[in-house]
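Could you put the whole structure together from the sequences, leaning on the hints where they help?
One line per chain: the protein sequences are A and B, in this order. Following the working numbering, the numbering of the first sequence begins with 1 at its first residue and continues without gaps. Following the working numbering, the numbering of the second sequence begins with 180 at its first residue and continues without gaps.
There's no promise every hint is true.
Said to hold, decoys possible - Some chain B residues near chain A, calculated using beta-carbon distances under 7 Å:
| id | residue |
| --- | --- |
| 1 | S269 |
| 2 | Q316 |
| 3 | Q320 |
To be verified - Stretch-level coverage of chain A by chain B, calculated; a stretch enters the list once three of its residues show a Cβ under 8 Å from a Cβ in chain B:
| id | stretch |
| --- | --- |
| 4 | 79-87 |
| 5 | 109-122 |
FYI, nobody ran anything at the bench for these hints, they're computed from the structure. Yeah, the Cβ is synthetic: ideal placement off N, Cα and C, and Gly gets one too.
Each chain is listed here by its residues.
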Amino acid sequence: MSFSFPFVREAVSQLFSKPSTERFPFVPKEAPERYRGRIIFHADRCINCGMCIRVCSPGAITKTVEKTEEGDKVTMSFDLTSCTFCETCADFCSKDSIEMSRDYAMVAQDSSELIVTGTFIKKPPVKKAVPPKPAPAEEAPAAPEASAAPEAPAPEDSAAPAPAPEEPAGAGPEAPKEA
Amino acid sequence: MFKKLVNRSTAKSPWIYHINAGSCNGCDIELVAVLTPRYDAERFGFKLAGTPRHADIVVVTGPVTAQSKDRLIRTLEQVPEPRVIVSLGSCPKSGNVFKGGYSIEGPLEKYVHVDVTVAGCAPKPEAVIAGLAQAAQLLKQKREAMKK
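Here it is, written out as structure tokens:
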């Protein structure tokens with residue numbers, strides 16, 4: 001039988017198989033792992049270094065700074081209608097404050113729903129006595145960085161000795177390239 | 180009575196018309212993928228119309244370029260009311276990475292009111308379906324508002 005009708009088996013199996021159409025709205029579908037969807041901004045981790053703004057090719061990230069008594073009130077806003085979802089901002093964020101979620105359903109009638117914002121208050125650095133010996137060594141690598149990014153003295157005020165050498169190393173080779 | 184029948188049948192089959200206003204082809208492929216058997220938007224009555232005069236929903240992709248601007252405006256004028264304009268992807272809404280380019284005359288909002296925005300570069304086919312579903316709902320509202 002399979003000689004005379006070579007496609008009978010295929011035809012019968014297709015009759016009883018499921019359709020290849022995805023039943024999307026009825027069965028919710030999850031995006032694959034590491035899908036780059038809606039941006040989640042963790043404002044509590046941001047140090048206002050401005051690296052994401054510099055690397056964003058469509059210029060989707062904007063920052064507004066408002067002076068208050070407690071310090072600078074910084075608002076970062078990510079315009080998802082302008083975003084390319086390249087994840088470069090998240091890659092360059094040294095504090096991991098930008099995260100790409102797997103939420104792909106970015107549909108809105110009002111485009112203000114597609115803007116992700118986060119506000120935090122950045123306190124001015126507390127001036128304290130610096131030991132005389134390590135001070136010039138600390139200052140030297142920080143100097144070219146300060147001219148490139150005005151937010152550079154951030155690691156000093158956080159008073160954490162560990163991340164301080166990390167940041168000039170990351171931004172150091174970047175600065176001469178720009179100049 | 181005949182009109183009533185037409186109204187009832189058009190409500191369940193919003194035909195879409197696709198305008199490429201200088202897109203990179205990414206969003207266009209996703210929109211076509213939505214109409215293929217795998218995602219099959221024709222389950223919900225969405226059908227690609229051959230002419231803007233048959234369309235209910237207009238899907239625009241791409242940052243409006245200088246070459247496509249006049250053609251876009253001319254095409255949009257031919258779409259009968261009620262119509263819903265969907266901007267697909269980041270480009271029509273903002274220009275994306277092309278914004279500020281010498282040949283970019285966008286965003287689309289300058290020329291026509293955008294009803295539904297689907298963000299993504301390019302949006303997932305599921306997001307496109309969600310956007311079209313919202314557009315169909317909006318179309319229904321607009322049609323009812325026109326009846327009164």
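Evaluation of the provided hints:
1. Because the smallest distance between the Cβ of S269 of chain B and any Cβ of chain A comes to about 6 Å, under 7 Å, the interface hint for this residue holds.
2. Hint on Q316 of chain B is violated. Least Cβ distance to chain A is approximately 10 Å, over the 7 Å limit.
3. At about 11 Å, the closest approach between the beta carbon of Q320 of chain B and any beta carbon in chain A exceeds 7 Å, and the interface hint on this residue is violated.
4. As drawn, the stretch 79-87 of chain A meets chain B at 7 residues by the rule of a beta-carbon pair under 8 Å; at three or more, the given contact holds.
5. Counting residues of the stretch 109-122 of chain A whose CB lies closer than 8 Å to any CB of chain B gives 3, which reaches the minimum of 3, so the coverage claim holds.
Hint check: violations occur at hints 2, 3; the rest are consistent with the structure.
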